[in-house]
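Colleague: Using the sequences and the accompanying hints, generate a full structural model.
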Amino acid sequence: DGGITQSPKYLFRKEGQNVTLSCEQNLNHDAMYWYRQDPGQGLRLIYYSQIVNDFQKGDIAEGYSVSREKKESFPLTVTSAQKNPTAFYLCASSSVSRQPQHFGDGTRLSIL
Amino acid sequence: GEDVEQSLFLSVREGDSSVINCTYTDSSSTYLYWYKQEPGAGLQLLTYIFSNMDMKQDQRLTVLLNKKDKHLSLRIADTQTGDSAIYFCAESNTDKLIFGTGTRLQVFP
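So the protein sequences, as listed, match chains D and X.
Residue 112, in our numbering, is where the first sequence stops; the numbers in between run on with no holes.
Residue 1109, in our numbering, is where the second sequence stops; the numbers in between run on with no holes.
Hints were generated in silico from the structure; no laboratory data involved.
All the pointers check out, no bait thrown in.
Cross-link-like lysine-lysine pairs, in silico, DSSO-like; alpha carbons within 30 Å at most:
(1) D:K83 / X:K1096
(2) D:K57 / X:K1096
(3) X:K1036 / D:K9
Which chain X residues face chain D? A few, computed with CB under 8 Å, are given here:
(4) T1030
(5) L1043
(6) L1045
(7) Y1048
(8) F1088
(9) S1092
(10) D1095
(11) K1096
(12) G1100
(13) T1101
(14) G1102
Beta carbons: idealized from backbone N, C-alpha and C, even for Gly.
Modeller: Here's what the structure looks like:
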């Protein structure tokens, strides 16, 4: 079945450590997105990519980095510069931008 | 800037209809979406409507769009306990989606 796979489901970060969240899709979608969700809030866009080897900052990119070396993969690195990283992170993809986005099951990041 | 607003909570009895409302500010929105999120899970695309449509029906779901008032609603007929979740409205006219804060629907027997 086609879909979006995020791993791990739960992740713990120590102070000063970078961590990378994985997002893989087999839907042959060109566009991929990363969102952050905090309790009781909507989703906020971190980064998005419309095509391989290209990506743009979203509304809250500070403290995060991404790469898009392959069409099916869009990993997100939460750097030590992100001072409040505890949140639920969601990856999404769409066939092209402006088309409906489909979401993975999320990764919950916590600080030790 | 763009903004999407929803009420925070809705409580309905099993078997009744639920109506979840959403208002948005961007009159040039191309698509408007409804997503469902169950606890600890990602967002599931329920339905979407193109901005030149007034209504879309899909089984128990009916979406109504009032472009003049920038108002979108989702009606769930014969609401079941499995419909309990958070429902997000979202709009897009660019490469990005703008989400509301979500409406938590609670269904009681």
